[in-house]
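Engineer: If you want the building blocks of each chain, they are given just below.
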Amino acid sequence: MTLDQFIAVSAELTGFDTDELRGTGLAGLYRTVLLERAGAEQLSRLTAPSPSPIPGEVGTHADEPQRELARAVTHLWYTGTWTGTGQAADEPFVVSARAYAGGLVWRSFGGHAPGTTPQGYGSWAAAPAARPAQGTPGARPTTADR
Amino acid sequence: MSGEPVDDMGNSGPEGRRWDVIVVGAGFAGSLVAQRLGEHGWRVLVLEAGLGAPGGDQGHEQALEQYRTAALKVPNSPYRTSTSAPSPDVTALTGGPDDGYLVQRGPLPYASGYLRANGGTGLAWTGLTPRMHPEDFHSGDFGHGRNWPIGYRDLEPYYEQAEHHIGVAADLDEQRAAVGLPFRDGYRFPMRAIPRSYLDQAMADALDGRTVRDPGAPEPARLRVTGTPHARNGLPDPDRTRNGLPGPQYARSGPPDPHGTGGSADGPLCQGHASCVPICPSRAKYTPLRTQARWGPSVHLATRAVATRVRLAPDGRATGVEYRTYEEGVTGAPGGVRTHTADADLVVLAAHAIENAKLLLLSGAANGSGQVGRNLMDHPVLLTWGLMPRQVGAYRGPGSTSGLEGFRFGAARARRAPFRVEIGNWGWTWALGPPEQRVADLLRGGGPDGRGLTGPELRRTLGDRIGREFAFQFELEQEADPANRVTVDPRHLDALGTPRPVIHYDLSDYVKRGFAAAKTVSDQLFALLGAEDHTRFDAGPAWPGRFEHQGRAYGYRAAGHGAGTHIMGRSPADSVVDEWQRCWDHPNLYAVGCGSMPTVATSNPSLTMAALALRSGDRIHRDLLARRHIVLRSTQSTRSVQGTHGVPGAATPLQGADHP
Chain A
1 MTLDQFIAVS AELTGFDTDE LRGTGLAGLY RTVLLERAGA EQLSRLTAPS
51 PSPIPGEVGT HADEPQRELA RAVTHLWYTG TWTGTGQAAD EPFVVSARAY
101 AGGLVWRSFG GHAPGTTPQG YGSWAAAPAA RPAQGTPGAR PTTADR
Chain B
1 MSGEPVDDMG NSGPEGRRWD VIVVGAGFAG SLVAQRLGEH GWRVLVLEAG
51 LGAPGGDQGH EQALEQYRTA ALKVPNSPYR TSTSAPSPDV TALTGGPDDG
101 YLVQRGPLPY ASGYLRANGG TGLAWTGLTP RMHPEDFHSG DFGHGRNWPI
151 GYRDLEPYYE QAEHHIGVAA DLDEQRAAVG LPFRDGYRFP MRAIPRSYLD
201 QAMADALDGR TVRDPGAPEP ARLRVTGTPH ARNGLPDPDR TRNGLPGPQY
251 ARSGPPDPHG TGGSADGPLC QGHASCVPIC PSRAKYTPLR TQARWGPSVH
301 LATRAVATRV RLAPDGRATG VEYRTYEEGV TGAPGGVRTH TADADLVVLA
351 AHAIENAKLL LLSGAANGSG QVGRNLMDHP VLLTWGLMPR QVGAYRGPGS
401 TSGLEGFRFG AARARRAPFR VEIGNWGWTW ALGPPEQRVA DLLRGGGPDG
451 RGLTGPELRR TLGDRIGREF AFQFELEQEA DPANRVTVDP RHLDALGTPR
501 PVIHYDLSDY VKRGFAAAKT VSDQLFALLG AEDHTRFDAG PAWPGRFEHQ
551 GRAYGYRAAG HGAGTHIMGR SPADSVVDEW QRCWDHPNLY AVGCGSMPTV
601 ATSNPSLTMA ALALRSGDRI HRDLLARRHI VLRSTQSTRS VQGTHGVPGA
651 ATPLQGADHP
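Residue numbers (the UniProt record's numbering), protein chains in the order written: chain A, 1 to 146; chain B, 1 to 660.
Just so you know, not all the hints are guaranteed correct.
Taking CB as the label site, the calculated pair distances span [as the list claims (entries may be wrong)]: (1) B:GLY180 x A:THR18: 56 to 62 Å; (2) B:ARG18 x A:PRO92: 19 to 25 Å; (3) B:GLN437 x A:GLU64: 51 to 57 Å; (4) A:THR2 x B:PRO389: 43 to 49 Å; (5) B:ARG451 x A:ARG45: 18 to 24 Å; (6) A:GLY120 x B:GLU65: 20 to 26 Å; (7) B:GLY530 x A:ARG45: 42 to 48 Å; (8) A:GLU64 x B:ALA539: 26 to 32 Å; (9) A:THR47 x B:LEU493: 32 to 38 Å; (10) A:THR47 x B:PRO220: 56 to 62 Å; (11) B:ASP533 x A:ASP63: 35 to 41 Å.
Derived by calculation from the structure, the hints in this document are not laboratory data. Built from N, CA and C at the ideal position, the CB exists for glycine as well.
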């Protein structure tokens with residue numbers, strides 16, 4: 001699976017578009033983690049679930065391991081933590097300090113991972129920043145993924 | 001190199017010298033006592049069981065990296081610890097044989113951790129510094145717990161000194177009006193109040209002036225969202241400067257730059273990293289390392305030095321401390337262990353309340369009353385959590401910037417434990433884990449049929465909810481109960497062969513009635529806020545501190561405020577230390593820290609611990625001077641010792657005589 005393919009599947013899984021995912025600068029690192037932890041064969045079978053009749057519902061996956069892998073990849077993007085696919089003796093680990101800081105869960109509500117980004121004195125008194133709108137070109141990548 | 005303790009200057013070998021004072025523990029209380037005695041030139045050896053650092057920029061960066069990459073971001077996660085001086089983690093609560101450092105005998109878990117490392121738990125603390133209320137010093141009058149042998153007025157000058165030493169930002173007028181604290185005319189906090197959070201403001205809009213029914217109180221309680229004093233850098237008080245009063249300590253190298261991160265020796269302004277527990281990246285939060293940076297040259301720090309026994313002479317006087325050193329970087333069995341003794345005129349135990357009790361018990365010291373290790377108290381915390389009706393910007397700023405103070409005092413105290421309500425800025429982290437946990441939950445169980453969410457719906461749901469998360473943290477006073485205790489048992493040893501603390505812990509009906517009252521108040525607060533209540537205390541590993549009271553289930557966390565284990569009192573018959581934190585049974589042995597507190601009250605205790613430590617420091621100075629008048633002793637041989645923390649002989653004990 002090429003990096004572009006990985007990013008395309010990741011966009012379906014996370015709800016962040018491919019430009020946003022590239023902009024994190026983490027896609028290459030995450031693909032490497034997957035290759036190391038799950039292997040090339042598993043990675044080649046990573047797909048987004050086929051559409052469910054209910055919007056937002058997890059659709060059907062061919063099998064449970066495939067579903068587990070899709071969850072693990074989504075979790076990785078949202079948190080920077082690899083939780084494993086429940087098979088090997090896979091201890092959860094944070095991929096890197098940068099991965100922690102880049103977790104999409106913080107961006108989902110316009111926040112920042114604690115202990116990573118100085119916000120300035122008194123910043124917490126202001127109204128929260130507007131959340132980046134979903135699927136709009138507003139969030140252009142600032143760091144190209146290599 | 002051998003297991004000889006090494007200080008930050010690379011010097012070794014405190015053994016074989018005679019010290020004026022040995023301080024056991026380089027945390028909050030120990031660092032302050034050593035600082036005060038060093039000001040007078042007394043030769044002080046500080047023994048720290050844990051590892052050194054994270055001092056300096058490199059150590060700080062390492063700690064930050066360790067925190068950011070920790071799978072579980074618990075309070076001890078940024079800091080290196082050793083199996084030779086184990087630290088209890090908040091995650092180890094079941095009391096199983098291999099479950100953590102404390103041996104938990106129940107019936108309920110003692111749910112606080114602490115940190116054995118240079119700087120102690122004061123590295124990881126939240127940094128909130130409310131004073132105790134005058135009423136808190138005689139809460140025994142309400143029929144629960146004990147009275148202090150001193151009152152607010154005795155401690156007030158030391159509250160002032162502590163607030164200026166550690167650097168407190170607070171609104172004095174608000175503290176006077178909303179908390180009812182008396183202040184000396186003309187007193188100023190060194191810094192203006194830390195701004196309240198957007199969440200605090202949303203709370204104030206909905207709650208201020210409204211009333212709630214408190215089942216323990218005859219009248220409804222009127223609500224007022226009140227700012228909390230902080231030991232983190234805010235803006236200097238302009239009036240202080242105008243009046244020619246000395247500015248805060250950090251102003252020595254200029255006031256912090258409000259727009260930047262650079263600034264002063266003592267750190268810049270709070271930058272809102274939202275990680276005060278466990279580590280402040282900008283170093284705006286006070287830690288004991290700041291006090292250590294002000295230590296005089298006569299104070300000598302030895303890390304990796306685990307005190308194992310206080311040495312006592314037949315006449316009851318302490319003569320010194322026996323301690324063990326170990327090699328650094330050992331992950332399994334300890335290496336290079338050596339036993340040492342150091343002699344001193346006076347010994348100060350300033351370790352954590354549980355460690356102080358352990359050391360006294362292992363030494364057979366100070367226990368004429370039978371109270372050593374008893375009266376273990378903490379703040380059991382009832383958490384309630386939910387979603388505000390609109391986005392409030394959760395996970396920004398200090399962990400808590402405001403609270404509700406109206407349930408801390410008054411007649412209701414006779415019927416149920418009082419409590420202080422903290423408004424939690426960090427969402428559901430303390431209750432359910434950080435937002436990463438919500439991702440996992442939604443992936444696995446989200447959606448109408450519980451099969452999990454994915455894609456745009458996952459993003460939309462997280463985006464809608466996490467920024468609305470909030471929590472109330474009800475910190476309840478737990479009264480001194482001799483049955484809650486620390487003991488030692490030679491069958492349970494740590495890696496160095498030192499007995500581990502064995503804990504018996506329970507909550508009384510008085511505390512449980514406090515939980516019930518707090519939950520009733522919480523229900524009304526949620527209704528006033530129009531907030532969605534998500535509070536649930538499910539049976540299982542998520543809530544080891546879970547109990548039922550009158551048919552309702554409650555869960556608790558603990559605030560890390562261990563206290564009472566060498567309790568202070570008026571009489572050697574029923575207390576361990578006197579009002580100066582001096583052991584009744586040993587005229588030159590002090591046990592300082594929260595372990596001395598007869599009541600833990602409802603305020604975060606570190607400021608009170610600091611005030612008590614400074615007060616004891618003055619008393620110890622007087623004790624040493626008095627002894628010097630009696631005992632004629634040559635200091636020539638020790639004054640010229642090479643390789644101490646600073647310049648040999650630069651500060652001799654005799655300088656202390658100039659400052660009676």
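Engineer: Does the beta carbon distance between ARG18 (chain B) and PRO92 (chain A) stay inside 19 to 25 Å, or does it fall outside?
Structural biologist: violated, 52 Å
Engineer: In this structure, is the beta-carbon distance linking GLN437 (chain B) and GLU64 (chain A) contained in 51 to 57 Å?
Structural biologist: Given range 51 to 57 Å: violated, Cβ gap about 22 Å.
Engineer: Taking the beta carbons of GLY180 (chain B) and THR18 (chain A), is their distance inside 56 to 62 Å?
Structural biologist: holds, 59 Å
Engineer: Return holds or violated for the Cβ distance of THR2 (chain A) and PRO389 (chain B) against the range 43 to 49 Å.
Structural biologist: The hint (43 to 49 Å, Cβ to Cβ) holds, given that THR2 (chain A) and PRO389 (chain B) are roughly 45 Å apart.
Engineer: May I ask you to test the hint 35 to 41 Å on the CB atoms belonging to ASP533 (chain B) and ASP63 (chain A)?
Structural biologist: With Cβ atoms ~39 Å apart, the hint holds.
Engineer: Taking the CB of ARG451 (chain B) and the CB of ARG45 (chain A), does the distance hold inside 18 to 24 Å?
Structural biologist: Since ARG451 (chain B) and ARG45 (chain A) have Cβ atoms about 20 Å apart, the given range 18 to 24 Å holds.
Engineer: Return holds or violated for the Cβ distance of GLY120 (chain A) and GLU65 (chain B) against the range 20 to 26 Å.
Structural biologist: holds, 23 Å
Engineer: With respect to the beta-carbon atoms only, verify the hint that GLY530 (chain B) and ARG45 (chain A) lie 42 to 48 Å apart.
Structural biologist: holds, 47 Å
Engineer: The hint says 32 to 38 Å between THR47 (chain A) and LEU493 (chain B); measuring C-beta to C-beta, is that right?
Structural biologist: violated, 54 Å
Engineer: Looking only at beta-carbon atoms, does the pair GLU64 (chain A), ALA539 (chain B) fall within the given range of 26 to 32 Å?
Structural biologist: 28 Å Cβ-Cβ, so the 26 to 32 Å window holds.
Engineer: Go ahead and decide if the range 56 to 62 Å is satisfied by the Cβ distance of THR47 (chain A) to PRO220 (chain B).
Structural biologist: Holds - the Cβ-Cβ distance for THR47 (chain A) and PRO220 (chain B), about 59 Å, lies within 56 to 62 Å.
The structure does not agree with the numbered hints 2, 3, 9 stated previously, though it agrees with the rest.
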